[in-house]
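Final position of the sequence shown in my numbering is 1009; the numbers increase by one with none missing.
Check before you lean on any hint, since a few could be wrong.
[As the list claims (entries may be wrong)] Computed spacing ranges between beta-carbons, pair by pair: (1) G866 x R804: 43 to 51 Å; (2) P729 x G686: 29 to 37 Å; (3) R870 x C957: 28 to 36 Å; (4) A643 x M990: 45 to 53 Å; (5) A731 x D796: 37 to 45 Å.
The set of hints was computed from the structure by calculation and includes no laboratory data.
Don't be surprised by glycine CBs; every beta carbon is placed ideally from N, CA and C.
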Amino acid sequence: MRKGGRAEPVAETGEGEWWRERRADLLALAAERSPVYVYDAETLDRAARSVQDLGVFDRVYYSVKANAYPGVLARLEALGIGFECVSGPELEHVAKLFPGLDPSRLLFTPNFAPAAEFRRAYELGAWVTIDSLHPLRAWPDVFRGREVLVRLDPGKGRGHHAHVRTAGAQSKFGVAPEFLDELRELADRHEVRIVGLHAHAGSGIRQARSWSEIARFLSGVAERFPDVRILDVGGGLAVPERSSQAPLDLGALARSIRSFRKEEPRFELWVEPGRFLVARAGVLLAKVVQLKHKSDEIYVGLETGMNSLIRPALYGAYHPIVNLTKLDEPATMIAHVVGPICESGDILGRSRRLAPAEEGDVLLIANTGAYGRVMSSWYNLREPAGETLLGLSP
């Protein structure tokens, strides 16, 4: 077999590879329906409990934008997780799925949302967050006499790519510190009670102390707002992408938060994990449709591509890829795994080591439970991959 390109190690063993034990189930699903995202219920439950069991956060809100599949949301709702929504449609989606949901489990944290979405959030009884002064300047009647949280810019973003760093002057998120005086004046003038402060530094954060640092930043600002009782430290808990990457040290994270709580016991602490809860629970299954050789390069073409999974093109994200059909065979082929979209960037994995692939084989792209289907499109009028939930194993 000819080989092309430089081999890039694939994380073929490690935490989160539930799909190895469920291989037969996955191949059966792919035979009926592909391409398809498959989510594992047990992995979802385990990830959610790992955050809850830290025992340092008063409330855990799942970031719905990561994955809005009803089966996924139902698993998290059953565990008592709340829902952080960034748009009116997300709020309506959750409200429709869980009509009896305690409104305190709904958190609305939009960015540049219209006034109507804030009104609807209050109608649903959700916690409401503003992240600029415009809502209070332009629509004071929406907020008069109500409670709000305010998203602040901590000044420094973190994360695995510039597109996921959500703090600093170059980020569109949050109220900058120089506007705090006007924020206080607007709140007083319009009888708005600022009961919580929120900050989010980015996604894929590996520094365990990051969330206690955010909490300290917020508690310092809280001195200027006497009604503040809630500090929302955001999300961004990292998920390892490669076998060489160590997982986020949850024990160290918990210790740093406990240290802060001893210093400032008067605040409730909220957290908003998204990708951490769902990424490892999801895989994308897609069949091989063609192989192509160009000089020393081999291309393995799948039935779907960036229309289903845009993270590699958008963020340079790495996802392990294996030939599920031949999972037990040696990985002797080195190839670029690509999709059918008419774009040079439609590459799901470069120089991947695979068991020799042929037309009809099912390839599995791992750690795709977050920002997969929710970011998909009909580009080239190709239908993106569907979704399904794999129940508990026997």
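Hint by hint, here is what the structure shows:
1. G866 x R804: 43 to 51 Å: Since G866 and R804 have Cβ atoms about 46 Å apart, the given range 43 to 51 Å holds.
2. P729 x G686: 29 to 37 Å: Since P729 and G686 have Cβ atoms about 30 Å apart, the given range 29 to 37 Å holds.
3. R870 x C957: 28 to 36 Å: 51 Å, violated
4. A643 x M990: 45 to 53 Å: 27 Å, violated
5. A731 x D796: 37 to 45 Å: With Cβ atoms ~29 Å apart, the hint is violated.
The structure fails hints 3, 4 and 5 (numbered hints given earlier, in ascending order).
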